[in-house]
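So the sequences go chain by chain: A and B.
Sequential numbering of the first sequence, starting at 54, is according to the working numbering.
Sequential numbering of the second sequence, starting at 54, is according to the working numbering.
Misleading hints may appear alongside valid ones.
All copies of an identical chain are treated as equivalent in the list; a pair is satisfied when it fits inside any one copy or across any two copies.
Unchecked claim - Straight line, CA to CA, 20 Å or less: simulated EDC-like cross-link-like pairs of lysine to aspartate or glutamate:
| no. | residue 1 | residue 2 |
| --- | --- | --- |
| 1 | Lys135 | Glu247 |
| 2 | Lys135 | Glu248 |
| 3 | Lys250 | Asp133 |
| 4 | Lys135 | Asp252 |
| 5 | Lys250 | Asp213 |
| 6 | Lys307 | Asp342 |
| 7 | Lys135 | Glu253 |
| 8 | Lys307 | Glu339 |
| 9 | Lys119 | Glu158 |
| 10 | Lys307 | Asp200 |
| 11 | Lys119 | Asp84 |
| 12 | Lys119 | Asp375 |
| 13 | Lys119 | Glu91 |
| 14 | Lys176 | Asp186 |
| 15 | Lys250 | Asp264 |
It should be emphasised that the hints constitute simulated quantities derived from the structure, not laboratory data.
One-letter residues, chain by chain:
2 protein chains.
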Amino acid sequence: MPASDRKGASAPFSLAIDAMGGDHAPDAILDGLELAAERHPHARFLLVGDEVRLGALLAMRPRAAKACSLRHAPDVISGDLKPTAALRIRGSSMRVAIDAVAGGEAAGIVSAGNTGALMALAKIVVKTLPEIDRPALAAIGPSARGDVVMLDLGANVQCDARNLVEFAVMGDAFARAVLGLTNPTIGLLNVGSEELKGDERVRQAAETIRDSHIGTNFRGFVEGHDIAAGTVDVIVTDGFTGNVALKTGEGALKLMRDLLRQVFTSSVPARMGYLLARPALDRLREWMDPRRYNGAVLIGLNGVVVKSHGGTDALGFAHAVDVAMDMVTHRFNENIREGLARLSAATPRETPAPR
Amino acid sequence: MPASDRKGASAPFSLAIDAMGGDHAPDAILDGLELAAERHPHARFLLVGDEVRLGALLAMRPRAAKACSLRHAPDVISGDLKPTAALRIRGSSMRVAIDAVAGGEAAGIVSAGNTGALMALAKIVVKTLPEIDRPALAAIGPSARGDVVMLDLGANVQCDARNLVEFAVMGDAFARAVLGLTNPTIGLLNVGSEELKGDERVRQAAETIRDSHIGTNFRGFVEGHDIAAGTVDVIVTDGFTGNVALKTGEGALKLMRDLLRQVFTSSVPARMGYLLARPALDRLREWMDPRRYNGAVLIGLNGVVVKSHGGTDALGFAHAVDVAMDMVTHRFNENIREGLARLSAATPRETPAPR
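The shape of chain A in the complex, shown without the other chains (with noise of 0.2 Å):
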């Protein structure tokens, strides 16, 4: 298993691509690969799954089929699935798509599968990188001042001081591949914005990272209201608290969007409100639309793992292929290692942590 430090460079492949994961698979795979291949016309990807089906697919696909070569495998993870059953399972699209991954053949991952079984399967196939505890799974949203990174979204219910410093490390190396910023801002998620709130863990983290490297760009404790606002380009937490942050956020713009329905459908002048307001509705509804924001990243292995949502189309699909794409073309790994390793010139870890 040749697993070059500058895999990402050199890989045959640009992304396997789980073929047979998520509730279109097939058919929405394909066609947001369709689009994804016209995107980056020198990707290579290597598409994983039943190579009966996916070559009659490829075959109306013009685009799709000149950047893909096909592998076969013979098995389905179901969604439903547990990650222990699915580790068992060595036939699977996702697996073959991941051992391509940890052999050296593919940069990075992109699937639309089980999330616990890609998550599991990555850790345990593709591996952590040596200079992490834990990866953490990040994600982009919108705010009042464009897109906001946040993480861990629940790879890691529980965290110690010393995880929250490395997400931010990762979280910076995030925002630069992907967002493309040069100078990112770092919050770390509290209770409240004075240096004395929290838990000792929290406070911890964020005297480490003021000692960082990226300490200039740490603006300290954020609160919850601060993810809508933007006031900062990262968000870092442990995944129990970014997991319930993220859904309750969702929920909330999702109630939103469904009492503004019974406004306009209430009555026949609310119902012509509407269509006088349409066009502006319109571009809100597409600024805030899911799947501009789909894919959620697992960072901190030896390879870029990307989980598009389960029940997206070909539009959201592509755009999980485009944050994995900006991740392999940005050298994202190398970022972080280069994170971490002045990290640790700085602050010295004093307990290492089981690997």
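We have chain A already, so just place chain B on it with the hints.
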């Protein structure tokens, strides 16, 4: 200090009112009491603050004047004062009002002043119920299926399983007293709804709640999106997660409101559309009006302690008084005590927490 068990029913004053706390005190407080006195004709308020100023304001508010007795307090706790410093000012309006609760003169207190100071003073002076490890901050918010109670919202950034169980019992009693529900459903906030999700702490808490007298109404784990969806009546979580979730949800709704304002002022047709849909939009705005949800409650204390938002107006303050009156009238603390007694009978505590 005759801390009678039935103080709520027998105290000479229903509530002590900190007349000097908050951005618009004392005027907004007095205007709020004028409304509250009409809604609660039998209530008696102990109005605490600058005697001369309050006397002059009461002279212009006949209903409040009839319901209130004045008590002088020479000092005011400013909004930015540290709790430790606030504890030393014995002549503040907040402290004198809290002393009245601790002394059995009033069944509860409402203050729009410094939150940290109110929490610290209430814990130290009014004291925690003997059966409770830690008081929690609870509030009510809107959801797609009616009002929802959430706790803890930040009183305890670190909680163990036993704390979460006590929050469930207190949240149950709170929903009965303030929302008037006879059988509130309860959910424990987690990163997924499956039984194996989350950390040991939430899994242990879920098991204990399931075995308790409120187990029949326990719906197990809920996720962030369940808050706005109103899946359950009571959401139980630790103070760190609850504080972040509350502010994240508020932030998302504020973002939507701001964006809608931009939409409806973006063009002449959009403005006309707004005017046509306005009655329905106004109903939506009224339904979500933060003043309707004003009044966070510190529960688990030997008296009713309600914190009004500092920036609220008369309508908001009157609502905070409504919440406090509901708790006093419906023997809220007695319900908690009965609930905890039944809990202890069913699940003997293994490790008594330090007092």
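Hint check results:
1. With identical chains, the CA atoms of Lys135 and Glu247 are at most 20 Å apart between copies only, with a shortest distance of 11 Å across copies and 42 Å within one.
2. In this homomeric assembly, Lys135 and Glu248 come within 20 Å of each other (Cα to Cα) only across copies, at 13 Å, whereas the closest approach inside a single copy is 41 Å.
3. When the C-alpha separation of Lys250 and Asp133 is checked against a cutoff of 20 Å, the pair qualifies only between copies, where the shortest distance is 14 Å, while the shortest distance within a copy is 40 Å.
4. For the identical chains of this complex, Lys135 and Asp252 are inter-copy neighbours only, at 17 Å across copies versus 34 Å inside a copy, given an alpha-carbon limit of 20 Å.
5. In this homomeric assembly, Lys250 and Asp213 come within 20 Å of each other (Cα to Cα) both inside a single copy, at 16 Å, and across copies, at 19 Å.
6. When the C-alpha separation of Lys307 and Asp342 is checked against a cutoff of 20 Å, the pair qualifies both within a copy, at 11 Å, and between copies, at 18 Å.
7. Proximity of Lys135 to Glu253 under the C-alpha cut-off of 20 Å is restricted to the inter-copy arrangement: shortest distance 19 Å between copies versus 35 Å within a copy.
8. In this homomeric assembly, Lys307 and Glu339 come within 20 Å of each other (Cα to Cα) both inside a single copy, at 14 Å, and across copies, at 18 Å.
9. For a Cα distance limit of 20 Å, the shortest separation of Lys119 from Glu158 inside one copy, 18 Å, qualifies, whereas the shortest one across copies, 83 Å, does not.
10. Proximity of Lys307 and Asp200 under a CA criterion of 20 Å is satisfied in both settings, with 19 Å inside one chain copy and 17 Å between copies.
11. In this homomeric assembly, Lys119 and Asp84 come within 20 Å of each other (Cα to Cα) only inside a single copy, at 14 Å, whereas the closest approach across copies is 73 Å.
12. Within a single copy, Lys119 and Asp375 get their C-alpha atoms as close as 18 Å, which meets the 20 Å cut-off; across copies the closest is 68 Å, which misses it.
13. Taking the shortest Cα distances, Lys119 and Glu91 sit within 20 Å of each other inside one copy (10 Å), while across copies they are farther apart (77 Å).
14. In this assembly of identical chains, Lys176 and Asp186 lie within 20 Å of each other by CA distance solely inside one copy; the values are 11 Å within and 40 Å between copies.
15. In this homomeric assembly, Lys250 and Asp264 come within 20 Å of each other (Cα to Cα) only inside a single copy, at 19 Å, whereas the closest approach across copies is 35 Å.
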